Amino acid sequence: MDWGTLQAVLGGVNKHSTSIGKIWLTVLFIFRIMILVVAAERVWGDEQQDFVCNTLQPGCRNVCYDHFFPISHIRLWALQLIFVSTPALLVAMHVAYTRHEKKRRFRNGEKIDIEELKNEKIHIRGPLWWTYTSSIFFRIVFEAVFMYVFYYMYDGYQMPRLVKCNAWPCPNTVDCFVSRPTEKTTFTIFMLAVSGICMMLNMAELCYLVIKICMNASRKTT
Amino acid sequence: MDWGSLHTILGGVNKHSTSIGKIWLTVLFIFRIMILVVAAERVWGDEQDDFVCNTLQPGCKNVCYDHFFPISHIRLWALQLIFVSTPALLVAMHVAYRRHEKKKQFRKGDRKCEYKDIEEIRKQRFRIEGPLWWTYTSSIFFRLVFEAVFMYAFYFMYDGFRMPRLMKCNAWPCPNTVDCFVSRPTEKTVFTIFMIAVSSICILLNVAELCYLLAKFFLRRSKRAGNPKHHPNHENKEETKQNEMNELISDSCQNTVTGFSG
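One line per chain: the protein sequences are L and Y, in this order. Take 1 as the starting number for the first sequence in this note's numbering and just add one per residue. Take 1 as the starting number for the second sequence in this note's numbering and just add one per residue.
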């Protein structure tokens, strides 16, 4: 179970998304997951090995690394991407349930073409609209929460070159140097920017869906 | 999600590209992505481990490495390749949108005479005309812009394309000036120059493709401007009917010409 499998799972959801939803999925896979896998993981690969402290005290480096990096950026991004992708599965489940119900009705004797049923594109109306809209809402919430967690945990989005550590067993205050701080800051800002773009796409999609339902409602009343 | 998935996604776009576009895609995958994955990543693999500074001062090596290599070549190339590949997705999205519209019309019953079934719409290859021409041309334009921007970023960040053997560093906490030695400088220079050369070849291919598309556009316009002078009675009536059918099929879905001269 890796990013490729997630891609396979979410590819199925793509069929029932709006155009904005399809763009969001493409941005997610190419500019976030792919960048994470081919570039960011290498940058953070040696983060603990090359975290150097100006002391001979055993254990000090471990303790300082743990104090300043409670959860590594890479792991936070992986969690963020998984949480943000998951609400789409609500939609997939709803669609599967609707199809299952139709198949049951077919077996009970109603005349529905079963092949057409499998390939049918289900319109985003009624209960599915609510499921779809809630999934977008949860996506936005998860994105915002993780962006805030990043900001809170690392005091902003810049990776400092030097961190001053005085956790036990370090003697007094010790200078510790982070590995590749500039490259890490660049990638943090890049991932943050793409996260912001994804949030805007989600908000646009939400507005589009709300406008669509208001228009449908006004059309029905007239 | 890795280079293989990108290859799958872009392979689909290949069908709607011009011949030059197909050559460009091949060059991209074989001479850039493959070289990056099988060779360049190994060369840069030990870049920080084997970056050695002539000092015992802890932290000096980290700081000097960070000062001289703000973003590693490998990451810049990975970003460049991703950004340069992405405009092709605009074309893929446009084609998918047109297919979707045609399928919708087919289901309503409008285009039953043109297509036998929905499979034919799925396999149809769209000609680069009309709105698709504009999307395709903008995608090539963006490709050129991204290539140029990244080449400039490389040049600016590393003061040229050569990797020096020795760097003199005096960032804190290094005491005074410290000599630092880069790992595999010659091999890195060779690969940098190779990647720049292939990048330039890709730029040339994109420029050629842009010129080809512009020439095709102007030729078609002048042919259309010249067509009204042709008296339809002198032409074969069957030919006229076939030409008009072809135009209807390849133009946008809304019918604008309804009469046949026959």
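FYI, nobody ran anything at the bench for these hints, they're computed from the structure. Check the hints yourself; a few may be wrong.
[Stated by the list, open to error] Which residues of chain Y face chain L? A few of them, derived with a C-beta cut under 7 Å, are:
(1) Met1
(2) Asp50
(3) Pro58
(4) Asp66
(5) Ile71
(6) Arg75
(7) Leu76
(8) Gly160
(9) Ser222
(10) Ala225
(11) Gly226
Remember, it's a predicted structure, so these values are computed and weren't measured experimentally. Note that the Cβ used here is the ideal one computed from N, Cα and C, for glycine as well.
A quick look at each hint next to the structure:
1. Met1: Methionine 1 of chain Y check passes; min Cβ-Cβ to chain L is 4 Å, inside 7 Å.
2. Asp50: violated, 12 Å
3. Pro58: holds, 4 Å
4. Asp66: holds, 5 Å
5. Ile71: holds, 5 Å
6. Arg75: holds, 5 Å
7. Leu76: Result: violated, 9 Å to nearest chain L Cβ.
8. Gly160: Since chain L brings no Cβ nearer than about 19 Å to glycine 160 of chain Y, farther than 7 Å, the hint is violated.
9. Ser222: Violated, because the Cβ-Cβ distance from serine 222 of chain Y to chain L comes to roughly 36 Å (cut-off 7 Å).
10. Ala225: Constraint on alanine 225 of chain Y not satisfied, violated at 36 Å.
11. Gly226: Not OK, violated: glycine 226 of chain Y not within 7 Å of chain L, min 39 Å.
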